[in-house]
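Order-wise, the sequence lines are chains A and B.
The numbers in this note's numbering rise by one with no breaks, and the one at position 1 of the first sequence is -18.
The numbers in this note's numbering rise by one with no breaks, and the one at position 62 of the second sequence is 43.
Where hints are given, some of them may not hold.
One copy or two, either will do: identical chains are not told apart, so a pair holds if it fits within one copy or between any two.
For lysine-lysine, the following DSBU-like pairs were computed, each having C-alpha atoms within a straight-line distance of at most 35 Å [said to hold, decoys possible]: (1) 200 / 30; (2) 15 / 135; (3) 153 / 135; (4) 200 / 15; (5) 200 / 153; (6) 200 / 135.
If you are wondering where the hints come from, they were derived from the structure by calculation, not from laboratory data.
Protein chains: 2
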Amino acid sequence: MPHAFLLHLTSSDPRPPRYPGLYAHGLFFALLGKLDPGLAAAVHAAPRKPFTLAALEASPPAGRGGEARSPGEVVLRITTLDDGLFGPLLGVLLREGVDGLALGDHPYRLARVVATPQGSPLAGRRTWEELAAAPPTRCLRLRFRTPTVFATSKPGRRARHTPLPDPLLIAKSLLSSWQHHSPLRFPEVEAAALLAVFELDLELTRFADLRFERAQAAKGFFPGFTGVVEVHCHSDSLEAQRALGILQAYAFYAGVGAKTAYGLGLTMPY
Amino acid sequence: MPHAFLLHLTSSDPRPPRYPGLYAHGLFFALLGKLDPGLAAAVHAAPRKPFTLAALEASPPAGRGGEARSPGEVVLRITTLDDGLFGPLLGVLLREGVDGLALGDHPYRLARVVATPQGSPLAGRRTWEELAAAPPTRCLRLRFRTPTVFATSKPGRRARHTPLPDPLLIAKSLLSSWQHHSPLRFPEVEAAALLAVFELDLELTRFADLRFERAQAAKGFFPGFTGVVEVHCHSDSLEAQRALGILQAYAFYAGVGAKTAYGLGLTMPY
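One chain only, chain A, in its complex shape (with noise of 0.2 Å):
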């Protein structure tokens, strides 16, 4: 069952991490690897992660995002697709955490772990049954956190990207995210049709605070967008608003585009 939380981690020194994506990302795997070396190899080879990872930007005031942050304090948010990761893995997190976890050269303690919607509304957790029965939509709604990008590979080893909500981007990444994670995958032949809805009636319909946000993730600085976006889409097929229901439940916990697992991609729905 696909989970979401939030680590609370504080530090003596009050500099933040330069690079908080990458050394969240370098702190997963050294947990991962004191758990299971083999695992942890596993996950690191695996072109799609089961899991994504982001440091959260500076956040509302106290009261408001329930994120507050004091200084020396970094916030992770953490989601798991694989349902053999998240109790294995936030069992090490506990018995490490005591010792200190390191990000980049700084040490840190674990404060909290956030797990709950009521502790904050970007951590929950849904089992795959429940997100492929939500609610069918005919209209995609989704705010996207931290810049999110789309990564197309071209003949002749081009790669390009794509730092603008193009509807027919977004759903497939979803949509294959899905394919490749969840249990219950839709057939083949649903999943091709599914594709070719998309590709024919989906329409973006409104978007808001469109930011352009070049970000690191990896070795790399990428062209990213922010903001919300309202995707609708024409086609009266039962399934294709099904599927599109099901696609946004689970962005909550895949993301969406490319880097998801170091930083990129937080997407909400709303």
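Given the coordinates of chain A, assemble chain B onto it according to the supplied hints.
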């Protein structure tokens, strides 16, 4: 040769016209009809209009943009892409403007025609040869001043709108307008090769001030965007860079996307 000019219209009625784009379109064809009913009918029937037309939004304070307005003043920007259109149109404007021009049910007088860059950065003219000799560039820099949208026909009589600055859609729109209106159009084979390069090698590298705006044009409302966009061409092809330079300069006259004859897609290179 393409021309861009501004008409400053004044009315004793301080209320702004309700549908300036639609009314300006009506005025344009009324003038054309007085000039030559056959020409008016031909232009009206043309699937690609040889002009663009926009009622400018409330402008910056006097002295900054050169398009300051007082109550009861309306500024229309007209561009002509057909060599035979500018001279006769200006003639009939000056003749009829003395007696009054109707925008909807408001009578207006023509106070001023601004046709040079000294008068306004939105006005000017370039010969087709000058446009074709524009400096090559790898970087298309455009500011979309009025809501801009791309319309795509899909199977089953669907019309879909893309209110996003997709680099390929921008380049395609400009190239197909150039091919239609310019006597210096690219040979078909070269145009196809350019499109292939644009498809592979254009990337959006920055945007700013990107806003969603629903705009009325003709009988419908359209989703659109305004803002500043920078597109990079990864290709080393000199032909592609030469074409991008031409298309960037041409954007000033042609605008970008759908309904440029109703005020959408007013675009400035920068």
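Hints, verified against the model:
1. In this assembly of identical chains, residue 200 and residue 30 lie within 35 Å of each other by CA distance solely inside one copy; the values are 17 Å within and 49 Å between copies.
2. In this assembly of identical chains, the alpha carbons of residue 15 and residue 135 never lie at most 35 Å apart, being 38 Å within a copy and 53 Å across copies at closest.
3. Within a single copy, residue 153 and residue 135 get their C-alpha atoms as close as 17 Å, and across copies as close as 19 Å, so both meet the 35 Å cut-off.
4. In the homo-oligomer, the alpha carbons of residue 200 and residue 15 lie at most 35 Å apart inside one protomer (24 Å), although the nearest pairing across protomers, at 65 Å, exceeds that limit.
5. In the homo-oligomer, the alpha carbons of residue 200 and residue 153 lie at most 35 Å apart both inside one protomer (25 Å) and across protomers (33 Å), since each shortest distance falls under that limit.
6. Within a single copy, residue 200 and residue 135 get their C-alpha atoms as close as 21 Å, which meets the 35 Å cut-off; across copies the closest is 40 Å, which misses it.
Hint compliance for this structure: hint 2 alone is broken.
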